[in-house]
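Novice: These are the residues of each chain, in order.
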Amino acid sequence: MNSVSEPMTPRQRATWAVILGVSIILIVVRCFIGQGMGKVYVEPTDLYFGEASPSTWTTMDEAQFDRFRADNPDARTEQWTEYRTVPPKAYFAQEQAGGGSIILSWPRTIGLWIGAFFTLAIYSFLYRDNPFYKFAESVVVGVSAAYWMVVGFWDTIVPNLIQRLLPGFAQEYLTPGMALPSSEVQFTNLIYLIPLVLGVMLICRLVPKGGWLSLWPLAFIVGTMAGLRLVGYTEGDLLSQVRITISSLYVPGGDDSSTFMMIWTTIWSSLASVLLVLGVLCCLAYFFFSVEHKGAVGGAARVGIWYLMITFGAAFGFTVMGRIALLAARFEFLFDDWLWLIDPTNQRRLADALPILGL
Amino acid sequence: MQILTRLIPLLITGIAGLVMIVSAFIPYTSEWGKIAGQFFNILAAFAFVLGGGNLLKVHLKKISDQGAGWGYSGVVLVCFLVTLFVGLFKIGTYPNPSYPDVHFSGETQGTGSGFWWAYEYVFKPLTATMFSILAFYVASAAFRAFRAKNFEAILLLGTAFIILLGSVSAGVFLTDWIPNAGPFGDLRLENLRIYIMQVFNTAGTRAIMIGIALGIASTSLKIMLGIDRSFLGSGD
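In order, the protein sequence lines correspond to chains Z and Y. Heads up: the first sequence runs through residues 1 to 359, numbered per our numbering. Heads up: the second sequence runs through residues 1 to 236, numbered per our numbering.
Possibly wrong hints are sitting among the right ones.
In silico DSS-like cross-links for lysine-lysine, where the CA-CA straight-line distance does not exceed 27 angstroms [stated by the list, open to error]:
| hint | chain 1 | residue 1 | chain 2 | residue 2 |
| --- | --- | --- | --- | --- |
| 1 | Z | 89 | Y | 124 |
| 2 | Z | 89 | Z | 39 |
| 3 | Y | 57 | Z | 134 |
| 4 | Y | 222 | Y | 34 |
| 5 | Z | 209 | Y | 57 |
| 6 | Y | 149 | Z | 294 |
| 7 | Y | 34 | Z | 134 |
| 8 | Z | 209 | Y | 62 |
None of these hints come from the bench; they were simulated from the model.
Based on the sequences and whatever the hints tell you, model everything.
Specialist: Structure follows, in structure tokens:
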């Protein structure tokens, strides 16, 4: 895993050329074996709408739509086609049956290949830094910045700000389902001019001489968060964790299949309860630095370290598992969705996989 | 200028924090807390705009200077602007069937829209792969750093080992000779894993959570009372 970004040596360049060449040849060959690979099929559905009465739209099928237009030539109508992704086996079955409406989706197929390219481009960093990785890295920066801006605009600014300050405009153009207040200007909503002004002041940080203006909204953000966290963490973490720690040390066992098992499970469960309380106290003793860690406090702190080591070990184990699960998901994307080499969710028929495997 | 850059921001911080605390204790003022929370969300959305603006500024400067790797800045800007345009104008989005004449009534990430495409085929693969690549680094770092030098290190290593083994079928296979219903059933790896999680891990996590809560409470008080002014910059 070398992440050095100095120029490549001729040997490394040759290695890259060989890897790329072999990969391209394998992919091209794979494209012509069996049913091919990396295709996304969609089923189009035509949707028809007619305005039966002012602002009341009715969904209808094609025949109803034609009749509606003939009966109401001046009525407003809308129609469009939606595309639903279907598993490749639906397309194969349709082709065997002699035709149907399922078609290859070029935008989604191109998207699938782009997704596969980006996945491989990111993994290429495991060898060393390279232009493919840098390109993918730049794309993720640009797309994610825009993604969060768009989500912030449509999920927060529109419902919380524009709907309150410009309800008529919002209802007509953005969120037609919203209830319109009795008058256009709602004085109770004018208070939302404050976050608008603060928001504009925040953006003033980009202006060289207006940087100080952003201190006010920043102060509001920090203050609100401080108040929220003070109450939230005290109630949700501090008090609740202390409360559930103060519990009975005697826990009756759940297994009553025999007297021995009942006593055994009672001992085991009660031991767990004692170890839990003891562990919390010992860990807190370790975190308590106002008293020197000597004598009894030192002993408790040492036991606390043992508990914390077990906690960190468990956290490490779960982190590794989580990352490996993500890795497996990416490999599944490459080998299932893109290369069509495996079929864990039966998206394609098993019979199609046999020729690929040479069976 | 000190009033504008120091006194007023400190007052805003104190009042905003106080409103949030008061609204949690006095039912009459709970609405204030909700409104302050909405203001916060709106400002957080504006912060994304600020982030986008900053991204534009930095990368436009890089392109203008034509320094090393300026071409990648071009890629950043193109991807940013295209995704922004597609998302803000809901390109390819189907309107809400109840309001088919209003273009913007559809879901931003509705299936088939341009923004959905960017999320599904660019954003999701890239971010998921970025996170998954950490599996290699975690394994590599663990291989290099983990040495069972002392008792604490053995505890850490052993726990990680039991947690990992107890979560996979290999671990279950290793200890499936121990009868599950008997007195030693808890020594099976999958049960041992649960016991560790429920007792030792819970105890450690609980103490850490109590510590974090106390730390956050004290830091929040320091910020609201104006003792900690680091967010105002200038080394205060």
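Novice: Hint by hint, say whether it matches the structure.
Specialist: Against the structure, the hints come out as follows:
For the suggested pair residue 89 of chain Z and residue 124 of chain Y, the alpha carbons sit about 25 angstroms apart, so the restraint of at most 27 angstroms is met. Of the pairs offered as hints, the one joining residue 89 of chain Z and residue 39 of chain Z holds, with about 11 angstroms between alpha carbons and a cut-off of 27 angstroms not exceeded. Straight-line distance between C-alpha atoms of residue 57 of chain Y and residue 134 of chain Z comes to about 20 angstroms, which keeps the hinted pair within the 27 angstroms bound. With a CA separation close to 23 angstroms, the supplied pair residue 222 of chain Y and residue 34 of chain Y stays within the 27 angstroms bound.
The straight-line distance between the Cα atoms of residue 209 of chain Z and residue 57 of chain Y is roughly 15 angstroms, inside the 27 angstroms bound, and the hint therefore holds. A hinted pair counts as satisfied when its Cα atoms are at most 27 angstroms apart, and residue 149 of chain Y with residue 294 of chain Z qualifies at roughly 24 angstroms. Between residue 34 of chain Y and residue 134 of chain Z the alpha-carbon distance is near 43 angstroms, which puts this suggested pair outside the 27 angstroms criterion. A hinted pair counts as satisfied when its Cα atoms are at most 27 angstroms apart, and residue 209 of chain Z with residue 62 of chain Y qualifies at roughly 21 angstroms.
In this structure, the one hint that does not hold is number 7.
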